[in-house]
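A.B. asks: Chain by chain, the residues:
There are 2 protein chains.
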Amino acid sequence: MDFAAPLPGTQDLLFDAARRLRRCEAALLGVFERAGYAEVIPPSVEAADVFGAEAFRALDRSGRLLALRSDFTAQVARIAATRLAGFSPLRLHYRGSVVRRLGEGPVHENLQAGCELVGAAGPEADAEIVALAAASLQALGLEEARISLGSTGYFSALARAAGASEKLAAALIDEVDRKDLPTLRSLCEREVPAGAAREALLMLAQPPRPQTAARELLAKASALAPSEDALAALRRLGDVLERTDDRRLEVDLGEVRGLGYYTGIVFNLYAPGAPKAVGGGGRYDSLLGRFGDPRPAVGFSLDLDGLVAVARC
Amino acid sequence: MDFAAPLPGTQDLLFDAARRLRRCEAALLGVFERAGYAEVIPPSVEAADVFGAEAFRALDRSGRLLALRSDFTAQVARIAATRLAGFSPLRLHYRGSVVRRLGEGPVHENLQAGCELVGAAGPEADAEIVALAAASLQALGLEEARISLGSTGYFSALARAAGASEKLAAALIDEVDRKDLPTLRSLCEREVPAGAAREALLMLAQPPRPQTAARELLAKASALAPSEDALAALRRLGDVLERTDDRRLEVDLGEVRGLGYYTGIVFNLYAPGAPKAVGGGGRYDSLLGRFGDPRPAVGFSLDLDGLVAVARC
Chain E
9 MDFAAPLPGT QDLLFDAARR LRRCEAALLG VFERAGYAEV IPPSVEAADV
59 FGAEAFRALD RSGRLLALRS DFTAQVARIA ATRLAGFSPL RLHYRGSVVR
109 RLGEGPVHEN LQAGCELVGA AGPEADAEIV ALAAASLQAL GLEEARISLG
159 STGYFSALAR AAGASEKLAA ALIDEVDRKD LPTLRSLCER EVPAGAAREA
209 LLMLAQPPRP QTAARELLAK ASALAPSEDA LAALRRLGDV LERTDDRRLE
259 VDLGEVRGLG YYTGIVFNLY APGAPKAVGG GGRYDSLLGR FGDPRPAVGF
309 SLDLDGLVAV ARC
Chain U
9 MDFAAPLPGT QDLLFDAARR LRRCEAALLG VFERAGYAEV IPPSVEAADV
59 FGAEAFRALD RSGRLLALRS DFTAQVARIA ATRLAGFSPL RLHYRGSVVR
109 RLGEGPVHEN LQAGCELVGA AGPEADAEIV ALAAASLQAL GLEEARISLG
159 STGYFSALAR AAGASEKLAA ALIDEVDRKD LPTLRSLCER EVPAGAAREA
209 LLMLAQPPRP QTAARELLAK ASALAPSEDA LAALRRLGDV LERTDDRRLE
259 VDLGEVRGLG YYTGIVFNLY APGAPKAVGG GGRYDSLLGR FGDPRPAVGF
309 SLDLDGLVAV ARC
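Protein sequences, first through last, are from chains E and U. Just add 8 to wherever you are in the first sequence, counting from 1, and you've got my numbering. Just add 8 to wherever you are in the second sequence, counting from 1, and you've got my numbering.
To be clear, the hints were calculated from the coordinates, so they are not data collected in a lab. Some clues are possibly wrong.
As the list claims (entries may be wrong) - Some residues of chain E that are not near chain U, with every Cβ distance over 10 Å (derived):
id, residue
1, 13
2, 25
3, 54
4, 164
Said to hold, decoys possible - If you anchor each label on the Cβ, the simulated ranges turn out as follows:
id, chain 1, residue 1, chain 2, residue 2, range
5, U, 94, E, 34, 29 to 35 Å
6, U, 30, E, 65, 25 to 31 Å
7, U, 72, E, 194, 39 to 45 Å
8, E, 174, U, 72, 58 to 64 Å
9, U, 227, E, 38, 32 to 38 Å
C-beta atoms are modelled at their ideal positions from N, C-alpha and C, and glycine is treated no differently.
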């Protein structure tokens, strides 16, 4: 037996590493609680159908399919939709570990913290969550971090206007995510009829704009908007922008990749020195309906492992 | 799908329940850190052979058998025996959740915190851990809690002296645990030859003695000790007793049930209002050897769910 190390994809946090994590957790907890969010601690194992396909699943002895927590948001949605169904709006925060299967590889464990605002549909709620993410970065001393704000609602409206199949939409997301304009252009020229929808899709590969220049980008996109839905999504982005005063914020219309349940604004958090996003969030107005209580919601989660590595707190 | 509740054996901690847990955790953390213990955060999933048969196991996609954490002590032993092999003594604390299979039922999740003192063999180390358990109870406002101290080493010595098979030893432990003197007596009369070992075994059903009266109990047991091993185990209990000044402490020679890896002193923690032990610990001098680094160790873990329900902090 090789006991020399924890499993690949997992880690032991010892001494200073544990202390750093707890210090970051305490800083975030302060931000969350001062903002009026209350903690929920869901179990680390649930019925498998609470989670998506990335969850690590196993049968218990009674033949029931269980899964390790792969996502806090789905658990918070379950709780909000059942035990807390009568309470609106709900401001909830959480922290703990999530375990996911990555492709055919071993499991991967990740420490997270986050917030969910349930039962609030307006741009004020979106802006509250974006501001809370900004305050979290601030509490960790990440002055130079960026909050890259986009809208899956906008992308969905463009894809619909372009008559894109699910497969084409996925291919478009891939190219947009890579900001690969030449490939995106040839894909669009091949698959999307010429017109406003195609031009709007090509704009998704544009570089992110700092808050000061984002109005101009939104105006340009609005001029090309191929549908009322697309226009409404852009207007919503403008509304959130207007309510948020943080120089970390930038607008990236190509910020379209995220968990499948996002329906409106979506954002990712980037910090200097971190190899990938240190967090992200968005609006998910359909998730609670899966648990029998259709209510709008918006939230974000932080990758604590990634943040602890770069935080100055 | 029934999403109305978490799985049986697991729970959602919401609002005040979460706050109470975090308050208790913080109180304990203060005790552990002031005593010079440093936190380790092991992963929630490990290779299955780190844990015992009670762990919930599943194959990953590469065919490797994984298990959810069912016991922190085994993980701390793995870490101490590998990455921290050169450092002695080690004072480590931890907290988090453990998941166990109970018989054929569903899994059971439990929140724990605890301490391990690795690389220290003497009664001072045993007494340090007992005192730390007492300080933990104190920090939670549990003035009336009891620390019931026994010795698996003593029981093993008696079982050896009585020539008991493993099966008989297990049956004896069952009756001792129930403090059922008549059944223990008839079992002993049937299976154990008359003599000092049998008389000593019958003494295990005696009620616990507060610290003030424990010396007398140990003297009586020593007079019956059927072997040098048994005498040494009793002497060790006396040494620990001498070094511990806490009115919560009592000696119960029948406190013999515990995880299979205990080799010396063993104790359970009881609190008024809690339906079962709220924690326990003991010496485990053989566990680190399983991970290739034979070193003595002693520690304890607390059942946070049980403690939070009765704590006054």
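A.B. asks: All hints, please: hold or fail.
C.D. replies: Right, here's what the structure says about each hint:
no., hint, result
1, 13, "violated (7 Å)"
2, 25, "violated (8 Å)"
3, 54, "violated (6 Å)"
4, 164, "holds (26 Å)"
5, U:94 - E:34: 29 to 35 Å, "holds (31 Å)"
6, U:30 - E:65: 25 to 31 Å, "holds (30 Å)"
7, U:72 - E:194: 39 to 45 Å, "holds (43 Å)"
8, E:174 - U:72: 58 to 64 Å, "violated (34 Å)"
9, U:227 - E:38: 32 to 38 Å, "violated (55 Å)"
Checked against the numbered hints given earlier, the structure breaks hints 1, 2, 3, 8 and 9 and satisfies all the rest.
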